[in-house]
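Undergrad: Chain by chain, the residues run as shown.
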Amino acid sequence: MKTLLRRHEAYVLLIIIVVSIIITAVNPSFFSLENLFDLLKSMSLMGVFAIGMLFVLISGGIDLSFTAIATVSGYAVALALLRYGDSLNIFVIFLLAGAIGILLGAFNAAIIYFFRIPSIITTIATSNVFYGILTVLSEGKWLYGFPTWFGDFANIRLFTLYSPAGNPYGLSIVTVIWLALVLLAWFILRYTVLGRSIYAMGGSPSSAERAGFNLLRLNLFVYAFIGLMAGFGSVIQALLVQTVAPNSLVGKEMDVIAAVVLGGASLAGGTGSIMGTVLGVALITLLGNGLTLMHVPSQWYDVVIGLVILVSVGVSAYRMRKNIQRRVITETA
Amino acid sequence: MAEPFIRLRNVSKHYAGVTALNNVDFTIDQGEIHCLAGENGSGKSTMIKIISGIVPPDPGSTIEIEGQPVHHHHAIDAIDKGIQVIYQDLSLFPNLTVAENIALGQMVAGHVRLVDWKELRRVAEAAMARINVRLPLDSAVGEISIADQQLVAICRALTRGVKLLIMDEPTASLTKKEVDSLLAVVQDMKSKGIATMFVSHKLDEVLAVADRVSVIRDGQMVGVYNGSELNDETLTMLMTGRKVEYSRFVPQADMTAGPVLECRNISRQSEYEDISFCLRPGEILGLTGLLGSGRTELALSLFGVSQPDRGEIRVEGQPVKINSVQDAARLGIGYVPENRLTQGLINVQPVSSNLIVTTLQKLVNRFRLFDQAKVKSAISRWVSELAIKIPSTESPVQTLSGGNQQRVVLAKWIATDPKVLILDGPTIGIDVAAKHSIHEIIRDLANKGIAILLISEEVPEVYNNCNRVLVMHKGRIVQEFNTGACTPEDIQLCISSRN
Amino acid sequence: MLRRFSHLFVLFAVMLVVVIILWSLTGTDFMNLGNLQSMAYQMPELGILSLAMMITMLTAGINLSIIATANLAGIVMALILTNESMLASLGDVGTMMVAIIAGLIVAGLVGILNGFLISRLDMSPILATLGTSILLGGVSIVLTQGYVISGFSPVMLSVGSGRVLGVPVPLIIFLAAAGVMGLILNNTPLGTRIYLIGSNPVATFFSGVNNRSVLMRTYIISGILSGVAAVVMISRFNSAKADYGESYLLLTVLASVLGGVSAAGGFGRVSGLVLSLVILQMISSGLNLMGVSNFLTLALWGVVLIVVMVIKYVIENKVQLRRRAA
Chain A
1 MKTLLRRHEA YVLLIIIVVS IIITAVNPSF FSLENLFDLL KSMSLMGVFA IGMLFVLISG
61 GIDLSFTAIA TVSGYAVALA LLRYGDSLNI FVIFLLAGAI GILLGAFNAA IIYFFRIPSI
121 ITTIATSNVF YGILTVLSEG KWLYGFPTWF GDFANIRLFT LYSPAGNPYG LSIVTVIWLA
181 LVLLAWFILR YTVLGRSIYA MGGSPSSAER AGFNLLRLNL FVYAFIGLMA GFGSVIQALL
241 VQTVAPNSLV GKEMDVIAAV VLGGASLAGG TGSIMGTVLG VALITLLGNG LTLMHVPSQW
301 YDVVIGLVIL VSVGVSAYRM RKNIQRRVIT ETA
Chain B
334 MAEPFIRLRN VSKHYAGVTA LNNVDFTIDQ GEIHCLAGEN GSGKSTMIKI ISGIVPPDPG
394 STIEIEGQPV HHHHAIDAID KGIQVIYQDL SLFPNLTVAE NIALGQMVAG HVRLVDWKEL
454 RRVAEAAMAR INVRLPLDSA VGEISIADQQ LVAICRALTR GVKLLIMDEP TASLTKKEVD
514 SLLAVVQDMK SKGIATMFVS HKLDEVLAVA DRVSVIRDGQ MVGVYNGSEL NDETLTMLMT
574 GRKVEYSRFV PQADMTAGPV LECRNISRQS EYEDISFCLR PGEILGLTGL LGSGRTELAL
634 SLFGVSQPDR GEIRVEGQPV KINSVQDAAR LGIGYVPENR LTQGLINVQP VSSNLIVTTL
694 QKLVNRFRLF DQAKVKSAIS RWVSELAIKI PSTESPVQTL SGGNQQRVVL AKWIATDPKV
754 LILDGPTIGI DVAAKHSIHE IIRDLANKGI AILLISEEVP EVYNNCNRVL VMHKGRIVQE
814 FNTGACTPED IQLCISSRN
Chain C
833 MLRRFSHLFV LFAVMLVVVI ILWSLTGTDF MNLGNLQSMA YQMPELGILS LAMMITMLTA
893 GINLSIIATA NLAGIVMALI LTNESMLASL GDVGTMMVAI IAGLIVAGLV GILNGFLISR
953 LDMSPILATL GTSILLGGVS IVLTQGYVIS GFSPVMLSVG SGRVLGVPVP LIIFLAAAGV
1013 MGLILNNTPL GTRIYLIGSN PVATFFSGVN NRSVLMRTYI ISGILSGVAA VVMISRFNSA
1073 KADYGESYLL LTVLASVLGG VSAAGGFGRV SGLVLSLVIL QMISSGLNLM GVSNFLTLAL
1133 WGVVLIVVMV IKYVIENKVQ LRRRAA
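Chains as they are written, first to last, in our numbering: chain A, 1 to 333; chain B, 334 to 832; chain C, 833 to 1158.
Please keep in mind that the hints were generated in silico from the structure rather than gathered at the bench.
Yeah, the Cβ is synthetic: ideal placement off N, Cα and C, and Gly gets one too.
Possibly wrong hints are sitting among the right ones.
What the hints assert, rightly or not - Just so you have them, the derived chain A footprint on chain C, three or more residues with Cβ under 8 Å:
| id | segment |
| --- | --- |
| 1 | 965 to 972 |
| 2 | 1081 to 1094 |
| 3 | 1122 to 1132 |
| 4 | 1136 to 1143 |
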């Protein structure tokens, strides 16, 4: 299993390299440090969401409501910024967004756990609840005009370089936040009993129950965690565009799930890795960036992403198929 | 005399008016190997649940563990007191490594927060060392054999300080060799003072090593015996409460007739090798051998689930390629699978749909819509012809008894008017009376000229129903017996001498 | 039998209660002809999409691409309907026929794609249909450049707004679709197989059922129904666009679940679905009359879906307890 996973990640890496070569061939400006840092920055939002989605998929569930959660927490953050502006700082903002995310995620977990409602149905429902209520309360208004410190924070770079044309670029704080979360998630999944228990539950929920795992706690953690990531993501989104709109994130859930599945996670639960997820996010972002650099009209973006998902997931499903068929027959025999 | 590890006194359990256990007394000594034998529905699983704290016994029952009465006996208390259950499905995590499977439960229970991978491997290795086994620590459990998985489950129990290990039907899916090494492990545990309770519904190798055997029937303890004083016949009599008379039946097939099914030297990589046999109308051909001998794999090839790499299959003299189950059905080959609940039946759906699933195409009118009269008459015909006892044809199949369920599976294939019927373990998990009537049905089918391939690991079953018996071992047919000219012991000897 | 009956009975009771509550809340104008008429125009597209969702849920699958399929089929139809040279050579009616047939073929092809991914490659239905929905959304945007295509011939518009013997045409289309679907599910071998596969595909495989072909046909039917919904949708809106009707996805799942379709597959009848659609439509119209915003209604649907699932869970648990006791 492990070797298979590693092999999967190697495949994704290979595709990334091939795609990079193709893009560079068409537009050499792709292959520059400046574009790399740009890419890293634009990966961050999807990357943060993807971390949360990875946890949910490993646990054997799915969450289609995280964009709605992010919308709610983003709106709350924006309102707070507009009202209390200068008396706040970035930690309070992250704390607020994270708390809202955790709360809404825990709500999902409670419904899924206590009433055994499939996670896909639960989260389709709650996403509409969260989003519907927010749209009513916000009347669909866009919020902008945040305090200057909020804008300044977004522009922090860990180090600054200058392009030949004189444009400054460097490692954005947003990327740093994402990478820090990646490290945190990697640590949780690899080095905590909690993380291993999530894999265990995804691999066999009934075994986990019999082995005395606290499934309620695990579900609460997983869905609260994606809620937390949704909350953090909403802050990152606000930092990046300095505007909060009720409809700016809706529809992103497809891309995020695609990225995580590309990275080797399965909807059946129990598999997936942080490394694979980062690579999956990189690939999706790269495709978007590459299409732009190759002057492909932006309308083609979804077509390409859709094809990539279907082909890559289809191929890996097909490769698994024979194994699974054998297993079904011999196991039940 | 030392205190027994666990003592049950007057333990009863009623589920909403149904008596599952009635005043049962039961003890297991420290380090004892104890076998609890009983048929399906005898109360075995209720015993497991009460001992492991999953369900509470009725008031008035007493349970003592190491001399101490236990009052609030919950699952977690049972584990703390050293009671562990290994269920038939083993309850492992297929996606995690062997080491994690062994050690993770202990960490969760100990409220450890961080995983120290070195420590985790050390715990796993220590557990393996205690029972002298070596397993690949870094392999995913889903990729090792069932026998090894069972050892993983035992090692896991060891990490939790097990004093009594309950194993539910542990030998059901093991080969003879694997059973032997499992028994060696159990005896090794015994020498370390760990008691084992085997729960079983049939007499097997386990009895040979058991110190004592408790037999349970209809929720009552029939008695406790020494393993050595029981044999196949007496145990069955104790479990069922009646003496079983095996009647012999010799199918009257015309052995000069052309074979309806013929295999010529068929082989399939790592499954079976160079298989040749003929099956004539009205014949019941027995196919026996141990688990892993390739008998089921062969059956699956005849039914189109897999295809032989080499060789030829002929149906009524014509060479055929059976590439799918549909092909098999078209050629008149039916298959009653070994696992009734997952492969044979659609449990939650009504008896009616289960009965007609194989013949849907025949029940339509010229607009390709169901002819309701045909549907109704087909259903009622099979219900009455096989005497299936049901309150309504719309009851879900899962509400039926094992014997009636198996009749449904048989009926759906008989309905296709097959030339060949492959029966894989047709009486597994069915009580003795029902078993008898299933055999009657099979004999009746042979009398009607259907060719039957009866696969079973029970020698009496093949001996008493077949005219010829093939013995498979390691994918090959090693001997053919004519039941008119041999005894069941000959067949048994042939099977066991191969190991 | 009894269970099926009792579920319908409960739905009827719910419907009566809903009618009475809405009547008293909205005053007399709830049950007037105009409101009934408008309900009869609104329900069909949701209804047909729900049928498309339901049939996949019966096989324990799901089709998240029904909206995208409908939009793509609608766009293809709209492109043909607004094609000047086509109109000139074939006339209004001829063009409409070509457009509808082309749209249905496209929808059927999407069904084949989904069916292929799910039955041949063994992709999970969630992922496969999620993937196709992204792809189709992309194709729709490429085809329309993100714009609305509008301005159809009066003949086409009459599909959305016309009446036959006083009955709105969309309602007739829906009832026809529901009737055909009911016939397929209850009276054909395919229907029986769909239910059985939903409960245990391994056992149907061992019973000689060609699971792949059944799943393939299921998703083709689901695709074609999405195409039929597109006909109603574009003729009612007099336009087609890449992102119409996105909120319908939730509603189709809700309607199916409320109508008795099991999320685990294997159970659910068209009659239950039709009743649940009527209930949903009445609530929706009632809320509309009371001036509740669309978004709040959407939130409410989410709540209703969860509540329905919770009630189902509680009831099934009780039944199971009773069965275990017996």
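Undergrad: Now tell me, hint by hint, if it's right for this structure.
TA: Hints versus structure:
By the rule of at least three residues with a Cβ nearer than 8 Å to a Cβ of chain A, the coverage given for the segment 965 to 972 of chain C holds, with 7 such residues. Counting residues of the segment 1081 to 1094 of chain C whose CB falls under 8 Å from any CB of chain A gives 5; the rule of at least 3 is met. Closer than 8 Å: that is the beta-carbon criterion, and the segment 1122 to 1132 of chain C has 7 residues meeting it against chain A, so the requirement of 3 holds. Chain A is given as covering the segment 1136 to 1143 of chain C, and this holds because 4 residues of the stretch bring a CB closer than 8 Å to a CB of that chain, at least three being needed.
Comparing the model with each earlier hint shows no violations; every hint is respected.
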